[in-house]
Amino acid sequence: MKVWVNNKEVETAAVSLASLVEDLSLPAQGIAVAVENRMVPRTQWADYALSEGMRVVVVKAACGG
Amino acid sequence: MEKLVIAGREFSSRLFLGTGKFDSNALMAKAIEASGTEMVTVAMKRVELEDKEDDLLTHVVRPGIQLLPNTSGVRNAEEAVFAAQMAREAFGTNWLKLEIHPDPRYLLPDSTETLKATEELVKLGFVVLPYCQADPTLCKHLEEAGAATVMPLGAPIGTNKGLQTRDFLRIIIEQANVPVVVDAGIGAPSHAAEAMEMGASACLVNTAIAVAGDPVAMAAAFKQAVEAGRTAYEAGLGLQAENMVAEASSPLTAFLNE
Chain A
0 MKVWVNNKEV
10 ETAAVSLASL
20 VEDLSLPAQG
30 IAVAVENRMV
40 PRTQWADYAL
50 SEGMRVVVVK
60 AACGG
Chain B
0 MEKLVIAGRE
10 FSSRLFLGTG
20 KFDSNALMAK
30 AIEASGTEMV
40 TVAMKRVELE
50 DKEDDLLTHV
60 VRPGIQLLPN
70 TSGVRNAEEA
80 VFAAQMAREA
90 FGTNWLKLEI
100 HPDPRYLLPD
110 STETLKATEE
120 LVKLGFVVLP
130 YCQADPTLCK
140 HLEEAGAATV
150 MPLGAPIGTN
160 KGLQTRDFLR
170 IIIEQANVPV
180 VVDAGIGAPS
190 HAAEAMEMGA
200 SACLVNTAIA
210 VAGDPVAMAA
220 AFKQAVEAGR
230 TAYEAGLGLQ
240 AENMVAEASS
250 PLTAFLNE
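These protein sequence lines map, in sequence, to chains A and B. Reminder that position 23 of the first sequence reads as 22 in numbering that gives the first Met the number 0, one-by-one numbering, no gaps. Reminder that position 12 of the second sequence reads as 11 in numbering that gives the first Met the number 0, one-by-one numbering, no gaps.
There's no promise every hint is true.
[What the hints assert, rightly or not] Straight-line C-alpha distance at most 25 Å; calculated DSS-like pairs for lysine-lysine:
{"#": "1", "chain 1": "A", "residue 1": "Lys-7", "chain 2": "B", "residue 2": "Lys-51"}
{"#": "2", "chain 1": "B", "residue 1": "Lys-115", "chain 2": "B", "residue 2": "Lys-139"}
{"#": "3", "chain 1": "B", "residue 1": "Lys-44", "chain 2": "B", "residue 2": "Lys-115"}
{"#": "4", "chain 1": "A", "residue 1": "Lys-1", "chain 2": "B", "residue 2": "Lys-29"}
{"#": "5", "chain 1": "B", "residue 1": "Lys-29", "chain 2": "B", "residue 2": "Lys-2"}
{"#": "6", "chain 1": "A", "residue 1": "Lys-7", "chain 2": "B", "residue 2": "Lys-2"}
{"#": "7", "chain 1": "B", "residue 1": "Lys-29", "chain 2": "B", "residue 2": "Lys-51"}
{"#": "8", "chain 1": "B", "residue 1": "Lys-44", "chain 2": "A", "residue 2": "Lys-1"}
[Stated by the list, open to error] Computed far set for chain B versus chain A, every beta-carbon distance over 10 Å:
{"#": "9", "residue": "Ile-5"}
{"#": "10", "residue": "Ala-42"}
{"#": "11", "residue": "Met-43"}
{"#": "12", "residue": "Met-85"}
{"#": "13", "residue": "Ala-86"}
{"#": "14", "residue": "Phe-167"}
{"#": "15", "residue": "Glu-241"}
Simulated from the structure, these hints should not be mistaken for laboratory data. We treat Cβ as the ideally placed atom computed from N, Cα and C, and that holds for glycine.
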C-alpha cells in the first residue's frame, strides 16, 4: 500500500506503524511518530494499522538553541 | 556557588547551551564538555528517509546532562503542545524549552500563545521553561501558570547585543519565585557575567559560542564568566555611587608633604 511519510509517498508492505518504522530502517530510539498530526506512542506502534494514503510524520533531534 | 534547582533537579552549572550553528557535531560536543553545562537544548526536524547522517543525540547525551528539547518552528499554542508530545516521545524527557515565535524575521516570542501553551503543558505533566519577552507582568503570569523557570530575552535572538532589556530583567529577577534564565542576545562572556551579577539564575548561550573563532575556548570563557558573575552576586556587590564623586579605597593622608 502507499502511505505518506514526511510528505513523501512510500510504497510499503508494512501493515502496522511498527513494521513501517522497521521497513524504512528508522532507528527505534530518538524518534517520534505522528499520524494525521497526532503523536502515536511507541507502545502503540505494533497495534496501529496502516491504511492507504495515511499521513505519517517522523521526527528526530536537530541542532538548535 | 549555590546549586541551581529547577523542578527539584539540582544543577552545579548555571550555563545552558544550545546546539545550533556549530560547524560540526564533533566541535559541538567538545564545546559542551568545555562549558561544563548540564543542560543542552535540541530542536526537532523531520527525518529524511534516504539520509543516513549521524545522530545528533550521540554527541549530546551524556551522564549528568539534562536534554532540553525546544519547540522551535511552532507558531501557536496548539502546535507547541503537539511538538512537546513529539519531543517527550522522541527524547524520553518531559523537560521542554517552550518557544513560540510565529515571526521568522526576528523570532520574537508570542506572549499570548506562550502563556496559553504553558498552562496546557503544565497540566500535561511537562516541566516547562518558556522563552519569553522580558516582560515582568508576563513572567509573573507564566510563573502562576506553573512554569519551572522563566527565560526572558536579553536582546533579539542571535544578535549578540547583550542585555538590552536589563532594566526589565532586574524587575523580573526581583519579583520571580522561579529561576530566571536569561536566554537570547548574550554575545560575550561579559554579558553573561552581568546577567549573573544581577541575580539571574542561569544563562542560555548558543550563537556566541557556536560562531566564535574557537568555540571550545569560548565555551570555557563563558563557563568562567557565569561562575564569576554568580559568585559575585552571592558575595554581595558593593553599591554603585549615584554621583560621580570619588571615594578612595586608600587612605588619603598626605604623608609626603605634610
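| Non-conforming hints, listed in increasing numerical order | Numbers 4, 6, 10, 11, 12, 13, in rising order.
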